[in-house]
Amino acid sequence: MKRQVWRAALLHLFPAGFRQEYAAEIAAVDDLQRPPALPAAAGLLANAAAAHLDILRQDLRLAARSLRRAPGFASGVILAMALGIGANTAVFSLVYHVLLGPLPYPHSSQLVTIQESEFGPDFGRATNQLDRSDYHDWSVAGTDFSALGAWTSQPLNLTGQGTPQRLEGILATASLLPLIGVPPARGRWFSPADDRPGAPNTVILSDALWRQLGADPDLIGRALTLDNQAYTVIGVMPAGYAFPNPAIQIWTPFRLSPTDTDRSNTYLNVVGRLRSGVTLAAAQAQLQGEAARLAKIYPNDLTGITAYVQPLAGQAPPQRRVMLWALLGGALCVLLVACLNLANLMFARLLSRRAEFSTRAALGAGRERLLRQLLTETLLLAALGGAAGIGLAALLLPVLAQFTPAD
Amino acid sequence: MPEVTAALYQVLLALGAGERHGYAILQDIARGGGRMGAATLYRTLEKLLELGWAEEVRAPRGETSRDERRRYYRLTAAGTAAARAQSRRLEQLMRQAAARGWTQWGRA
Chain B
1 MKRQVWRAAL
11 LHLFPAGFRQ
21 EYAAEIAAVD
31 DLQRPPALPA
41 AAGLLANAAA
51 AHLDILRQDL
61 RLAARSLRRA
71 PGFASGVILA
81 MALGIGANTA
91 VFSLVYHVLL
101 GPLPYPHSSQ
111 LVTIQESEFG
121 PDFGRATNQL
131 DRSDYHDWSV
141 AGTDFSALGA
151 WTSQPLNLTG
161 QGTPQRLEGI
171 LATASLLPLI
181 GVPPARGRWF
191 SPADDRPGAP
201 NTVILSDALW
211 RQLGADPDLI
221 GRALTLDNQA
231 YTVIGVMPAG
241 YAFPNPAIQI
251 WTPFRLSPTD
261 TDRSNTYLNV
271 VGRLRSGVTL
281 AAAQAQLQGE
291 AARLAKIYPN
301 DLTGITAYVQ
311 PLAGQAPPQR
321 RVMLWALLGG
331 ALCVLLVACL
341 NLANLMFARL
351 LSRRAEFSTR
361 AALGAGRERL
371 LRQLLTETLL
381 LAALGGAAGI
391 GLAALLLPVL
401 AQFTPAD
Chain R
1001 MPEVTAALYQ
1011 VLLALGAGER
1021 HGYAILQDIA
1031 RGGGRMGAAT
1041 LYRTLEKLLE
1051 LGWAEEVRAP
1061 RGETSRDERR
1071 RYYRLTAAGT
1081 AAARAQSRRL
1091 EQLMRQAAAR
1101 GWTQWGRA
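Going line by line, the protein sequences match chains B and R. Under this note's numbering, the first sequence has 237 at position 237, and the numbering climbs by one with no breaks. For any residue, its number in this note's numbering is found by taking its place in the second sequence, counting from 1, and adding 1000.
These aren't lab readings, by the way, just hints derived from the structure by calculation. Keep in mind that the hints are not guaranteed to be accurate.
Derived coverage of chain R by chain B (criterion: at least 3 residues anywhere in the stretch with Cβ under 8 Å from a Cβ of chain B; other residues may be distant) [unchecked claim]:
(1) 1010-1016
(2) 1021-1028
EDC-like, lysine to aspartate or glutamate: derived pairs with alpha carbons at most 20 Å apart [stated by the list, open to error]:
(3) R:K1047 to R:E1019
(4) R:K1047 to R:E1003
(5) B:K2 to B:E25
(6) B:K296 to B:E118
(7) B:K2 to B:D31
(8) R:K1047 to B:D54
(9) B:K296 to B:D262
(10) R:K1047 to B:E21
(11) B:K296 to B:D260
(12) R:K1047 to B:E25
(13) R:K1047 to B:D59
Beta carbons: idealized from backbone N, C-alpha and C, even for Gly.
Same shape as in the complex, but just chain B (with noise of 0.2 Å):
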């Protein structure tokens, strides 16, 4: 490439006041000099670096000085960046984390949920639980899905160990736990043997529940008393364990009879992990097909019952997706009004300096520098609000979190 073309080119990276000054010069003196190309290039680069460098450098101080003489306008500005920033990160970090991202499980795109749907899932859905049956019988059709499983509420009391206490637990199934995938930290899982009716009594605890109770690990093994039966602790799960959600502080084999043949009572929350490769769209058509054969031969229970299958992430329950919603919109508000006021403050503020500025003109400041440091002293308030924001919101995520309620 002809040296005139690359040298113009590098010597446009200079910032525009030197370049008028020097350009020609440097032009010049090049042309006498000769060096060669690549020194030649890379010195003009890195002065070039430099030279921008010193000029943020210079920036930096006249926009630190300016602000220390307007606090009022410097700390309004932070605090509307703060709390517009700080609330959208807080609200947005927890809607993702409940609503959007992927569930901490393994694959957890492949675990779905699956209800009965009554009017054909196109219109007007009514969904349910299974009840007991069509959970036996779709799991047996369910070539599409590598597992399925079910749970239930079942609260119990805990007594003998201080003052009695009302657990929140769940009747789980065998496959339930390792269909979700994640292994006891402590212990095992249910095995076919404890979920059979009339097998012993045996119980997972949660990581909470397990320190509550002094974080004994020769606990397993051990019996505790469950609405007044003995009940056999065979596992704990690792502390954080939300399924099927945070409040859950114990587990208890569901023990279902497989020639159950109660078809109205639905209860059963059925969950299902589809095989690798198999949509969603594809399992839930194979379910619809098991529905309308049973249908045809239980018409009495089963008319007009069909499959309804949906992904497990994203499945809080309807108040709290809403009260979520609700969060976001606010925060949106919160950060329009942040950005408005800061508008006006900004606004104001290059009114009431236009004497500074056309003071400087007059004495030699070209406007590029000028914009320049305009921008550098807003570029500084932005960062210092930034980080005031990134503060607030990790103050505010748990106290948010809080509110929304578990269930």
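With chain B held as given, fit chain R onto it using these hints.
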């Protein structure tokens, strides 16, 4: 007192010999065993002008320069003082280096 970098000092030395234009400064530096590129030179000259250690002079009398717009530079009193101060600082360092046997400077 702003830091006197090597580049700054080299230009101060060159200007100490009298008024110079840009290319002449580079030639002086080259003759003294150093090496400087055009961009570095003019950035350094800009800094010297900002510090008030050098000033610009239009082509001095008697010079028939090919380019009438050529700029010449010369040290100001402040620049000379700064150059002297830095030289004394370097002198002290050179004395120590001589004591270590790293340089013959200062030996007759």
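We went through each hint and held it up to the structure:
1. 1010-1016: It is violated, with 0 qualifying residues against the three required.
2. 1021-1028: It holds, with 3 qualifying residues against the three required.
3. R:K1047 to R:E1019: The given pair, whose Cα atoms are some 17 Å apart, holds under the 20 Å limit.
4. R:K1047 to R:E1003: This hinted pair holds, its Cα atoms lying about 11 Å apart.
5. B:K2 to B:E25: Between K2 (chain B) and E25 (chain B) the Cα gap is close to 19 Å, so the pair holds against 20 Å.
6. B:K296 to B:E118: 15 Å, holds
7. B:K2 to B:D31: Roughly 12 Å separates the two Cα atoms, so the pair holds.
8. R:K1047 to B:D54: At roughly 10 Å apart (the allowed maximum being 20 Å), D54 (chain B) and K1047 (chain R) satisfy the hint.
9. B:K296 to B:D262: Cα-Cα ~17 Å, so holds.
10. R:K1047 to B:E21: 13 Å, holds
11. B:K296 to B:D260: The given pair, whose Cα atoms are some 19 Å apart, holds under the 20 Å limit.
12. R:K1047 to B:E25: Distance of about 16 Å is within 20 Å: holds.
13. R:K1047 to B:D59: Holds, at roughly 16 Å.
Hint compliance for this structure: hint 1 alone is broken.
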